[in-house]
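Dock chain G against the given chain C, drawing on the hints supplied.
Protein chains in written order, with our numbering: chain C, 1 to 129; chain G, 1 to 170.
These aren't lab readings, by the way, just hints derived from the structure by calculation. Among the clues, some could well be false.
As the list claims (entries may be wrong) - Calculated cross-link-like contacts (lysine-lysine; reagent style PhoX-like; alpha-carbon spacing at most 20 Å):
#1 Lys67(G) to Lys122(C)
#2 Lys67(G) to Lys101(G)
#3 Lys94(G) to Lys128(C)
#4 Lys97(G) to Lys128(C)
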Amino acid sequence: MNITFGGILYDPTTGVNTQLAGASLPVQVDPSHRCYSMVELYFNLGGSPIALYAAVWYLRPDGTSGPSVGEYLLSNDYLICYNYDFTMVGLWKVEASLGSSFMESWNVFNVTNPPGTFSDMKVTSFAKV
Amino acid sequence: MIKTLEVVLDPDGLYTGQEVVPGAQIFVPQTTDMYGRVWGVYTPAATPPNTISVNPGDTVRFSIRFKYLGPAVSYTLYCSMGDQTLGIFNEDPKLTKSFSKSQAAAPSQVTVNLTADIPIPTSYTNYGWRDAYCKVVSPQTLSPIYIDCINIVAYSPTFTDMQITQFAKV
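Next comes chain C alone, as it looks inside the complex (with noise of 0.2 Å):
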């Protein structure tokens, strides 16, 4: 799954915030992990990579935010939030901040969980009760 990251950069030293129409942070969420949704941030601004911190937060049901990943990463790099009781599921908010600028979006991506599995299935025992 790939979504573009319409963001926005704010810098706060002239308090304006611009609509990167040209950069774009596509999102990957791999399915394929059991426990966690890995998140993939590829920052295309352009020139080589450059060190930036990003952050992925859940949104919860009733629109505050949840936990949140975040580190320190390059462009390019990937995150991964981990949803290890599977309860996280829903929208998540991508945030990208470079010195004193950042861009966030909501509702950028949505993790749901993958079906259990069941396995090794056995009869240990009969009995007449």
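Then chain G, alone, in the frame of chain C:
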């Protein structure tokens, strides 16, 4: 000259990703399509963990174990006794039952133990050894098929507790 009967089963009957492993295999019919073709899965035959003898009116308890990984889920457990003939498992509808179960979320793989009871109807007369298996219906996960694990035997007439309760002049 005696020739063995070879039964060739449609390999398309396998579900995607399921492999036929070496050893005795039994074809478990699942559905019949509009062309009358029977679709099913192959599952290995296995030696039963134990054998029991029961009478009509008794209840057979399956103790079942499996592993689970994933979110909380409601599922259907299906247990059947029947007969396998020429590699085909024929379920006895009188000895087959579905159970609604639920499983809590398991972020890492857990082992689940549960039981399922199937009553033998008191009117049941198809005596003899039955084979058995169980499965989770969706996502379909089958146990091996256990051969000759439950022997259904008729009640033999028994006279017990004989006593004279009274003597009387008549």
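Now the hints, each set against the structure:
no. : hint                  : in the structure
1   : Lys67(G) to Lys122(C) : holds (10 Å)
2   : Lys67(G) to Lys101(G) : holds (14 Å)
3   : Lys94(G) to Lys128(C) : holds (17 Å)
4   : Lys97(G) to Lys128(C) : holds (16 Å)
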